[in-house]
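Residue numbers (this note's numbering), protein chains in the order written: chain A, 1 to 394; chain B, 395 to 952.
These are computed hints drawn from the structure, not numbers from a lab.
Be aware that a few hints might be false.
[Said to hold, decoys possible] Derived contacts from chain B toward chain A, CB cut-off under 7 Å, selection only:
#	residue
1	504
2	508
3	915
[Stated by the list, open to error] Among chain B residues calculated to face chain A with C-beta under 7 Å, some are:
#	residue
4	465
5	535
6	551
7	629
8	724
9	748
10	750
11	751
12	754
13	900
14	908
15	909
16	914
Think of the CB as a built atom: it goes at the ideal place given N, C-alpha and C, for glycine as much as any other residue.
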Amino acid sequence: MARAAGLGDFTRVAVSWSAAELSAFAHVLDRRGVQDYELIPLGDDIGAALGARTSGRPDLVAVPQVGHVTANLDKLAPLPDGVWHEDYAKIWRDPKINGRHYALPFKLANVSVVWYRKDVFASYDLRAPRTWDDWLDLNERIIDAGIAPLALGGADGWALAQFFENVLLRTYPDTFDELAGTHKANLWNSGEVRRSFEKVATMWSQAGVLSGGAGNALVQQFPDAVLEMCRYGRAAMVPAPDFAESVIRRFAHDPDDFDTFTFPPERTGDLPLVISSDLLVLTKPASGAAQDLLRYLATPSAPLPWIRETGGFIAANPDTDPKYYSPTLRRLAQALQNNKTRFGLADQLGRLGGTEGLQRVLQNLLRGVAAGVAPAEAARAACRDMVDAEHRTG
Amino acid sequence: MEITTSAGMTLEVAGRELTDGFGAAQPHRRRNQYLFGVPAMLLVALLVVPMVWTFTWALDADTPIVGNFRDLFTDPAALRSAWHSVLWVGIALVLIAVGYCIAVLSRHVGKLWRILLYVLILPFGVSAVVSGAVFRLIFDPNPERGMASALFGGGATWLGPDLIWWVLASAFAWSWLGFIVVLFRAGLDSAAGATFRLARRTWPKPGPVTGIVVLTVLVAAIRVFDLVLIAAPNSIQDDVDVVGLHWWRMTLGSPDTGGPAALAVLLFCVVAVISLIGMRTMRPPNQVEPLLMSIEDSEPRRWWSWPLVGLVGLMWTMPVIVLVVTAFRSPEAAGATGWWRFDGLGLDSFVAAGATWLWPAVAGSLLIAGLATALVLAAAVPLAYLLTWVVPRKLSRVLTGVLAILAVAPVQMYAGPLGAVFADLGLVGSRAPLALVHAAAGLPFATLVLRTAFRAAPARNGRPALDTMWRRGPYRTTLVAAGVLEFVLVWNDFIVGFLISGPSATPLTLLLWGEARHLGTSAGTVSAAAVVSALIPVTLLLVTWRKVVVGLTGGIAR
Chain A
1 MARAAGLGDF TRVAVSWSAA ELSAFAHVLD RRGVQDYELI PLGDDIGAAL GARTSGRPDL
61 VAVPQVGHVT ANLDKLAPLP DGVWHEDYAK IWRDPKINGR HYALPFKLAN VSVVWYRKDV
121 FASYDLRAPR TWDDWLDLNE RIIDAGIAPL ALGGADGWAL AQFFENVLLR TYPDTFDELA
181 GTHKANLWNS GEVRRSFEKV ATMWSQAGVL SGGAGNALVQ QFPDAVLEMC RYGRAAMVPA
241 PDFAESVIRR FAHDPDDFDT FTFPPERTGD LPLVISSDLL VLTKPASGAA QDLLRYLATP
301 SAPLPWIRET GGFIAANPDT DPKYYSPTLR RLAQALQNNK TRFGLADQLG RLGGTEGLQR
361 VLQNLLRGVA AGVAPAEAAR AACRDMVDAE HRTG
Chain B
395 MEITTSAGMT LEVAGRELTD GFGAAQPHRR RNQYLFGVPA MLLVALLVVP MVWTFTWALD
455 ADTPIVGNFR DLFTDPAALR SAWHSVLWVG IALVLIAVGY CIAVLSRHVG KLWRILLYVL
515 ILPFGVSAVV SGAVFRLIFD PNPERGMASA LFGGGATWLG PDLIWWVLAS AFAWSWLGFI
575 VVLFRAGLDS AAGATFRLAR RTWPKPGPVT GIVVLTVLVA AIRVFDLVLI AAPNSIQDDV
635 DVVGLHWWRM TLGSPDTGGP AALAVLLFCV VAVISLIGMR TMRPPNQVEP LLMSIEDSEP
695 RRWWSWPLVG LVGLMWTMPV IVLVVTAFRS PEAAGATGWW RFDGLGLDSF VAAGATWLWP
755 AVAGSLLIAG LATALVLAAA VPLAYLLTWV VPRKLSRVLT GVLAILAVAP VQMYAGPLGA
815 VFADLGLVGS RAPLALVHAA AGLPFATLVL RTAFRAAPAR NGRPALDTMW RRGPYRTTLV
875 AAGVLEFVLV WNDFIVGFLI SGPSATPLTL LLWGEARHLG TSAGTVSAAA VVSALIPVTL
935 LLVTWRKVVV GLTGGIAR
């Protein structure tokens with residue numbers, strides 16, 4: 001009751017997760033045996049948690065975007081000693097101040113993933129595509145079989161951004177890095193970017209490719225797109241990160257009916273994977289209780305309840321025992337160890353990557369596709385919009 | 395009676411029964427009485443100072459005074475949001491007309507009015523966040539889950555750019571129609587057969603309640619915010635952007651204060667003008683004897699009573715049914731299929747929401763709403779008392795006008811500076827300061843309600859002593875009405891908490907929004923939390939609605 005009244009010494013933990021993921025995280029915390037925390041689900045508004053220097057702010061925040069950590073370093077307390085693992089540096093070269101780390105990777109996501117229905121692939125003798133052109137052919141064969149090949153969650157701009165990021169990174173990796181770094185002017189207007197937009201628009205505008213049509217995909221959220229494949233059987237594939245597994249496990253009649261392939265590159269080769277991560281940070285001044293909680297979450301076995309019961313969780317801690325992953329997740333986790341990785345542009349670019357920039361631009365691209373705009377024209381408009389957005393967000 | 399000031403000081407008002415109040419002929423006594431207005435003045439200052447601040451921000455531009463406004467009028471996105479707000483005014487006017495017609499017809503439905511009344515008034519206690527969530531569930535594009543898509547086939551994309559306005563207007567109508575009908579009905583019952591002519595027909599006159607109905611609903615329509623935020627998918631937010639939301643998007647990330655301030659000032663000017671016009675029409679009539687508000691049949695019942703009440707009743711209960719049934723389904727069942735399957739029934743969704751965040755948020759909202767209500771009553775009752783019986787009439791009129799403007803001032807008008815001060819003082823996410831802001835925001839409206847009711851009290855009762863008001867029947871009714879309204883408004887608030895304090899103060903509505911991030915698949919837990927959040931204000935409102943109507947209509951319908 002004291003916790004309920006907001007009284008007493010409770011560590012306030014702000015997260016962006018909701019629904020099944022939120023319950024899973026509550027289980028993770030409860031396994032400590034003490035309920036000394038208050039869980040604050042902020043959804044997409046998680047950025048507000050680091051908003052200002054304040055007394056009422058959360059003590060511990062799971063930040064879903066790396067860019068948000070780097071932009072708010074002055075509000076953070078350094079991590080306690082003994083939680084950092086050298087392998088984290090492989091994922092993220094975090095900004096250190098006086099040799100101290102400020103954010104601890106907790107959950108990793110493999111974003112270069114396409115989920116598919118094994119039964120459809122088996123009954124039409126289809127094989128996972130290895131290149132982009134393979135994928136276009138595959139889509140055509142699935143359309144001929146009377147099923148929509150893809151489901152998209154266009155109402156969640158980040159889901160579309162991840163699609164685009166995969167196309168760009170796995171076609172023009174250098175351009176991707178230049179855009180993420182301190183890039184030259186007019187890069188968003190470059191041929192590489194425009195061709196990437198055009199590839200995206202071309203696939204989305206193929207007749208019958210999107211479950212429910214492009215107009216429906218525009219108002220459908222990410223988990224609903226997964227349901228189109230795993231529950232209602234209207235779509236054969238859904239391009240979605242590993243954490244789609246939590247939706248599949250919760251809603252599919254048989255969760256073993258699904259497998260994944262790596263997001264097809266332009267040409268086969270040693271290309272980086274797109275990742276994202278939820279990073280744990282302590283806000284200033286970090287209380288002893290908050291530090292203890294973070295120390296607990298940094299242990300290899302802390303996320304096991306989530307991994308076992310809910311799924312869709314790849315531990316950032318390299319010492320977490322992989323035997324509790326489902327076979328699919330174990331493979332996706334292994335892929336992150338074996339490949340180069342990049343954080344998505346939407347995670348790195350701040351406002352330009354958000355709903356004022358890349359995410360809205362891709363939603364408008366999808367809208368253009370729904371209205372019958374030609375892919376080349378839609379791509380040119382997207383480049384123009386990105387240049388505008390870059391001006392606006394300064 | 396103890397009065398707690400906003401500064402935490404407790405004034406104990408001595409229990410000296412004075413039917414005639416303090417002697418009006420003793421000027422120094424009168425001066426002493428003005429001290430009772432101090433808490434109210436402090437709260438009003440909490441609104442007025444940041445508003446003046448916003449004004450200066452708005453005028454401070456490269457081209458002094460006009461610069462920021464000129465930029466707004468050349469910004470297509472800002473103009474579009476303004477056009478959408480005008481559209482909302484249109485929706486509100488249509489809804490008022492429909493409400494009036496139903497109120498007129500309701501006089502012919504006999505005792506069925508009792509059913510209709512409760513069905514219509516219930517949604518008024520439900521927060522806009524919840525009603526937005528319910529309508530988004532009903533119009534879910536997925537035919538397995540969305541009732542409208544299942545009924546009308548998958549062809550229409552209800553939440554898409556073409557049909558989203560119908561969804562938003564329905565949700566708004568669901569919330570507000572009850573308020574309109576009940577007040578118009580009270581007015582019709584009191585006006586005792588007076589009529590007016592319009593379009594070559596004779597219509598019953600609803601009397602002076604018209605002012606308060608039009609004012610309240612128009613201002614609500616112009617200030618609409620959280621409903622749009624939750625009901626429209628992120629990808630088509632631009633299609634339904636309104637001035638209030640556009641203001642918020644302008645402030646996001648951009649350090650520029652001038653542009654948003656100018657937009658807030660424009661919004662404020664529009665509602666202030668509406669409010670002042672509304673107040674003029676609201677002057678209580680001099681010689682009208684208050685009538686009893688009746689829920690008995692006032693006209694003979696007609697044959698169409700049953701169909702009419704049945705149809706309106708069904709349409710207005712449907713969202714409640716959707717919400718409650720969804721809440722009592724398991725998260726797995728509710729996330730994948732529609733409520734009409736009636737499978738997976740149980741308390742699982744409540745348990746799931748309760749295991750994570752629900753109960754601390756309920757406690758947080760109780761604390762914020764309870765504290766704000768106590769503060770408002772402690773400050774507004776003395777102020778209304780002064781305005782009614784102590785302050786000279788002319789000054790009282792001016793002050794009332796000021797209060798009428800402050801009562802409708804959009805949150806955007808003071809959120810900028812207050813949010814900055816909150817950040818500087820480290821108050822973001824704290825509950826007590828948020829309650830204080832709520833009290834300041836609610837004070838003008840509460841004072842107006844109290845003053846109107848005090849003025850309408852029968853003259854023979856004379857002027858009561860401040861401390862005896864609770865014991866006197868008519869005044870107690872008004873105090874309850876003002877208290878209930880303030881509590882429900884704060885409990886259901888989204889925008890004040892959202893714009894000023896941030897979600898970390900964890901009021902229920904804000905966390906509900908976070909949980910509703912993926913509304914479709916988390917329909918079970920969202921609905922369970924929504925039912926819990928609606929239970930308290932709806933119960934309060936259903937129990938006290940008569941007092942609330944009397945309070946709102948200033949005793950016309952007593």
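Verification of the hints:
no., hint, verdict
1, 504, "violated, 44 Å"
2, 508, "violated, 37 Å"
3, 915, "holds, 4 Å"
4, 465, "violated, 13 Å"
5, 535, "holds, 5 Å"
6, 551, "holds, 5 Å"
7, 629, "holds, 4 Å"
8, 724, "violated, 10 Å"
9, 748, "violated, 10 Å"
10, 750, "holds, 5 Å"
11, 751, "holds, 5 Å"
12, 754, "holds, 5 Å"
13, 900, "holds, 6 Å"
14, 908, "holds, 3 Å"
15, 909, "holds, 5 Å"
16, 914, "holds, 5 Å"
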